[in-house]
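**Q** Got chain A; can you put chains B and C on it based on the hints?
Given next are the chains, with one letter for each unit.
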Amino acid sequence: MGKRVAIIGVGMSKFGELWDKSLADISLEAGMYAIFDAQVKGKDIDGLIIGNMSAGRFTGQEHLGAQAADWGGLGNLPAYSVEAACASGGAAVRQAYMAILSGEHDVMLVLGTEKMSDVNQSMAMDTISVASDWEWEGMFGATFPALYAFMARRHMMEYGTTEEQLSMVTVKNHKNAAHNPWAQFQSPVPLEVVMKSGLLADPIRVLHSSPISDGAAGLVMCSAERAKEFTDTPVYVESSKQAGDTLALHDRADICSMSAVVSSSRSALKEAGLTIKDIDVFELHDSFTISEIIITEDIGIVKKGEGGKAVEEGLTEIDGKFPVNVSGGLKARGHPIGATGVAQIVELALQLRGDAEKRQVDGVEKAMSVNIGGTGATSIVHILGR
Amino acid sequence: MSEKGVAQFWRKIKAIYTIQGDHCTTCDTYYFPPRVVCPECRRKGQLEKYTFKGLGEIHTFAIVRQAPDTFKRQIPYIVAQVELDEGARLTAQIVNCDIEDVHIGMRVRSCFRKITEYGESGIIVYGYKFEPTMKVTGHE
Amino acid sequence: MVGIIGYGVYIPRYRIKTEKIAAVWGEDGENMAKGLGVFEKSVPGPDEDVATISVEAARNAVKRAQIDPTDIGAIYVGSESHPYAVKPTGTMVAEAIGCAPHMTCADLEFACKAGTAAIQVCMGLVKSNMIEIGLAIGSDTAQGRPGDALEYSAAAGGVAVLLGKKNAVATIEHTSSFTTDTPDFWRREGQAFPSHGARFTGEPAYFRHVGEGARALLEKTNTTVDDYDYFVFHSPNGKFPVAMGRQLGVPKEKLEDSLVVRQIGNTYSASAMMGLANVLDIADPGSKIFMTAYGSGAGSDSFVIRVEDEIVKRRGEVPTVQDYIERKTYVNYATYAKFRRKIKALG
Chain A
594 MGKRVAIIGV
604 GMSKFGELWD
614 KSLADISLEA
624 GMYAIFDAQV
634 KGKDIDGLII
644 GNMSAGRFTG
654 QEHLGAQAAD
664 WGGLGNLPAY
674 SVEAACASGG
684 AAVRQAYMAI
694 LSGEHDVMLV
704 LGTEKMSDVN
714 QSMAMDTISV
724 ASDWEWEGMF
734 GATFPALYAF
744 MARRHMMEYG
754 TTEEQLSMVT
764 VKNHKNAAHN
774 PWAQFQSPVP
784 LEVVMKSGLL
794 ADPIRVLHSS
804 PISDGAAGLV
814 MCSAERAKEF
824 TDTPVYVESS
834 KQAGDTLALH
844 DRADICSMSA
854 VVSSSRSALK
864 EAGLTIKDID
874 VFELHDSFTI
884 SEIIITEDIG
894 IVKKGEGGKA
904 VEEGLTEIDG
914 KFPVNVSGGL
924 KARGHPIGAT
934 GVAQIVELAL
944 QLRGDAEKRQ
954 VDGVEKAMSV
964 NIGGTGATSI
974 VHILGR
Chain B
8 MSEKGVAQFW
18 RKIKAIYTIQ
28 GDHCTTCDTY
38 YFPPRVVCPE
48 CRRKGQLEKY
58 TFKGLGEIHT
68 FAIVRQAPDT
78 FKRQIPYIVA
88 QVELDEGARL
98 TAQIVNCDIE
108 DVHIGMRVRS
118 CFRKITEYGE
128 SGIIVYGYKF
138 EPTMKVTGHE
Chain C
255 MVGIIGYGVY
265 IPRYRIKTEK
275 IAAVWGEDGE
285 NMAKGLGVFE
295 KSVPGPDEDV
305 ATISVEAARN
315 AVKRAQIDPT
325 DIGAIYVGSE
335 SHPYAVKPTG
345 TMVAEAIGCA
355 PHMTCADLEF
365 ACKAGTAAIQ
375 VCMGLVKSNM
385 IEIGLAIGSD
395 TAQGRPGDAL
405 EYSAAAGGVA
415 VLLGKKNAVA
425 TIEHTSSFTT
435 DTPDFWRREG
445 QAFPSHGARF
455 TGEPAYFRHV
465 GEGARALLEK
475 TNTTVDDYDY
485 FVFHSPNGKF
495 PVAMGRQLGV
505 PKEKLEDSLV
515 VRQIGNTYSA
525 SAMMGLANVL
535 DIADPGSKIF
545 MTAYGSGAGS
555 DSFVIRVEDE
565 IVKRRGEVPT
575 VQDYIERKTY
585 VNYATYAKFR
595 RKIKALG
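Protein chains in written order, with my numbering: chain A, 594 to 979; chain B, 8 to 147; chain C, 255 to 601.
Hints in this document: simulated from the structure, not taken from any laboratory. Hints may contain errors.
[Claimed, not checked] Negatives, chain B to chain C, calculated, CB over 10 angstroms:
#1 Asn103
#2 Ile106
#3 Val109
[As the list claims (entries may be wrong)] Each computed DSS-like pair below joins lysine-lysine, with the alpha-carbon atoms no more than 25 angstroms apart:
#4 C:Lys271 / B:Lys142
#5 C:Lys582 / C:Lys592
#6 C:Lys474 / C:Lys508
#7 C:Lys582 / C:Lys288
#8 B:Lys60 / C:Lys317
#9 A:Lys789 / B:Lys79
[Said to hold, decoys possible] Which chain B residues face chain C? A few, computed with CB under 10 angstroms, are given here:
#10 Lys21
#11 Tyr24
#12 Thr25
#13 Thr58
#14 Arg120
#15 Ile122
#16 Glu124
#17 Tyr125
#18 Ile130
#19 Ile131
#20 Lys142
#21 Thr144
#22 Gly145
Only a predicted model underlies this, so the values are computations on that prediction, with no experimental measurement involved. Don't be surprised by glycine CBs; every beta carbon is placed ideally from N, CA and C.
Chain A extracted, bound-state conformation (with noise of 0.2 angstroms):
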């Protein structure tokens, strides 16, 4: 389908732990960055959607549109949320990517957000679980790592991966955080410490875990015809897939496989005309590192059941054949939920760009991100391009 709408700007808030910023701060904060990046005028901007998972409950606000827009000085923009738990900020991405593509929109910014240590810790973790079936998993004592857990036990039954192939992914995404300055976690940890770690549910430890984390992403999305007049490196969307499956874990034949991944990867490239090995970068969702395993079985980086191999390989690491997560990913980087699918794209975009200095993988012509939601009852692909 080729190049019709193009990214022309990003920006990062750090992720981290805020405590002096509040919801607002951060969002105005990427989105303002996003502007200056993409050399856009506040008035060039014609709409803009926000990421976001669950402001209400760990902020107490709602309404993050017209509050964003308010704050941010652009007056009577039109501005909403759009929610699918943790893939709220992939959501935000493709509803930005329709309404221009129908030409209602010209020029919007995009921004992924999520502030999550305003509300202690348990209820953080009540909040989070409501991207599964609250009602039938976790009100019955499943922790939205338990549900992780199920999955990771099934793998490990069904395919041998192991424990110290669940604890690989969190070194190589370490690893690479280091070099990404907005990350939340910057330092390399040692796969003995991985192992070590307290357990959540297990098999899954504390350091197999995305942290809780505040933080926002931004982007000033326009139609191709238009991206040169603001840049002179535009990325362009190539696709922008998603597709569903049942909300409830307990309701899928397979648990070892996201086949919302599987279709709406599938989808994408076939849009984009594109094989798996065509892509020279990726971002994936890794809120447990079992999700990152099963995922790049799913998209067709490795047979299905050779995923924790393939970390173990180092196919995936950013020398490797597909390097995955060179950001950090939600683990190193941090899962601020809403701003996560927005972060993904940002970093693609500095990667298509030359822009990603120490993390930078050689001759990116196409990148790929998979935002999912929940246990994967919802996925959102999208596939970028030089």
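**A** Relative to the frame of chain A, chains B and C by itself:
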């Protein structure tokens, strides 16, 4: 679920006290939790209420060691996906079982336990948990 | 004639030994256990309460009786540790066993004899044909004040009895009661633990009411101790029922099978009924059982029960009292205190 909302829980009493779900007579599939529409047949489906026997086996499990306040007193506890004999799978805690003994394929049966309570003055939510089949469950 | 058409019990899995409790308070555990006649007691898990225990016992009773639960016309649950002060445990049980909504229900309290009081209520409703089948449950997760003598014996368990006219496994031939205002043991509204009159709980309370109540029923039925094969007295510990038996001239062997208190403690509203259930698990058809339950405050309910042939057919389907007694996992005092919410900060 809203913290203080009683209707939301009350609506599900038959389902969570007795594991009552649905059976689609068109495609002969058993569903739990109860459904509005058969996901296979949609408008062609005919759903009738069905109370599960409460027997099944463990499909996968996890040992929860960090939990929110409502479950904190019980950690570490076992939570599992139980595949009921009729074919539907649900998520529930496994009780009366030592952590070392739980395994995929273990036969279990449902029992009636407290799931949660909304503070000291709120309502108590009861529902299903599962325990390994043994002499005191009426099995050998 | 009204009879027991089915019965079921439930005892939680956890146990704590008397010596473990004694060690915390600096007492001599071995002597304490021997003196009380209680060696270990049952402890409910953190997700168990009188409602959950009652449901498990009721489900066993229904299974044994092989009835359609919708034929149950009344449910009465007697306890001194109902989960709600206002909202009957019986309503949860009714929904859980599938007999709601065309039935009557209420919760009862009369210390340890609330369960047998429930039996008497159901007997009346069945006998008068107001209902076909009644469900009477005695169930408790009794609390002992930390450091108090009662902490050694206050245990958890439940017994459900179905009363009806058809296919009884045991007929209740007679019942009578003896009630006075006697303040031996009580708990004020809002208090976490009960209070009691120490030695006053003996002669003027337990022994007087059980003794006089039993003698009154023996006289009324023109029978003596020799006419019965089994005796069941409320068991607050392993000593009182034995002493009561001696006072009434009951041979020790006739009392033995009711003394489950030694291994599970005092299950309060379920106490006498648990002893009865243990006897019913093994008694031959034709046996006669004499039971007197006691509740502080105070009162006693006495029953003459004859075991019927039908009982043999209904054994084996449902776990026995001994099955539950044998199923146990020990906990230490710290875990026990955590489970029983004795640690204030946990709320």
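**Q** Run every hint past the structure and note whether it holds.
**A** Evaluation of the provided hints:
1. Consistency note on Asn103 of chain B: stated as away from chain C, yet its beta-carbon is not over 10 angstroms from all of that chain's, at 5 angstroms minimum.
2. The claim that Ile106 of chain B is not at the interface with chain C holds, since no C-beta of that chain comes within 10 angstroms of its own (minimum 12 angstroms).
3. Its beta-carbon lying about 15 angstroms from the closest one in chain C, Val109 of chain B satisfies the requirement of being farther than 10 angstroms from that chain.
4. Proximity of Lys271 of chain C to Lys142 of chain B is assessed by CA-CA distance (about 23 angstroms); at most 25 angstroms being required, the pair is judged to hold.
5. Restraint check: the Cα-Cα separation between Lys582 of chain C and Lys592 of chain C comes to about 18 angstroms, which is no more than 25 angstroms; the hinted pair holds.
6. At most 25 angstroms may separate the alpha-carbon atoms for a hinted pair to count; Lys474 of chain C and Lys508 of chain C meet this at roughly 21 angstroms.
7. Distance hint between Lys582 of chain C and Lys288 of chain C is fulfilled; the C-alpha atoms sit about 21 angstroms from each other, no more than 25 angstroms.
8. As the CA atoms of Lys60 of chain B and Lys317 of chain C are separated by approximately 13 angstroms, the hinted pair is consistent with the 25 angstroms bound.
9. Between Lys789 of chain A and Lys79 of chain B, the direct Cα distance comes to roughly 22 angstroms. Compliance with the 25 angstroms bound is thereby established for this hinted pair.
10. Taking 10 angstroms as the C-beta contact cut-off toward chain C, the hint placing Lys21 of chain B at the interface holds, the least distance being around 7 angstroms.
11. With a cut of 10 angstroms, the hint placing Tyr24 of chain B at the interface with chain C holds, because the nearest CB-to-CB distance is about 4 angstroms.
12. Because the smallest distance between the Cβ of Thr25 of chain B and any Cβ of chain C comes to about 6 angstroms, under 10 angstroms, the interface hint for this residue holds.
13. The interface hint given for Thr58 of chain B holds, since its Cβ lies 8 angstroms from the closest Cβ of chain C, which is under the 10 angstroms cut-off.
14. Here the hint on Arg120 of chain B is kept, as its CB sits about 4 angstroms from the closest CB of chain C, short of 10 angstroms.
15. The beta carbon of Ile122 of chain B comes within 8 angstroms of a beta carbon in chain C, closer than 10 angstroms, and the hint placing it at the interface holds.
16. Using the Cβ-Cβ criterion of 10 angstroms, the hint placing Glu124 of chain B at the interface with chain C is satisfied: the shortest such distance is roughly 9 angstroms.
17. Given the 10 angstroms rule on beta carbons, the hint for Tyr125 of chain B is violated: about 13 angstroms separates it from the nearest Cβ of chain C.
18. Satisfaction of the interface hint for Ile130 of chain B is found here, the shortest Cβ-Cβ separation to chain C being roughly 8 angstroms, below the 10 angstroms cut-off.
19. For Ile131 of chain B, the interface hint holds, the least distance from its beta-carbon to any beta-carbon of chain C being 6 angstroms, beneath 10 angstroms.
20. Contact between Lys142 of chain B and chain C, as hinted, is supported at the beta carbon level, the nearest pair being about 5 angstroms apart and thus within 10 angstroms.
21. This hint holds: Thr144 of chain B has a C-beta 7 angstroms from the nearest C-beta of chain C, less than the 10 angstroms allowed.
22. Given hint, Gly145 of chain B at the interface with chain C, holds; its Cβ is 6 angstroms from that chain's nearest Cβ, closer than 10 angstroms.
Violated hints, in rising order: 1 and 17; the structure is consistent with all others.
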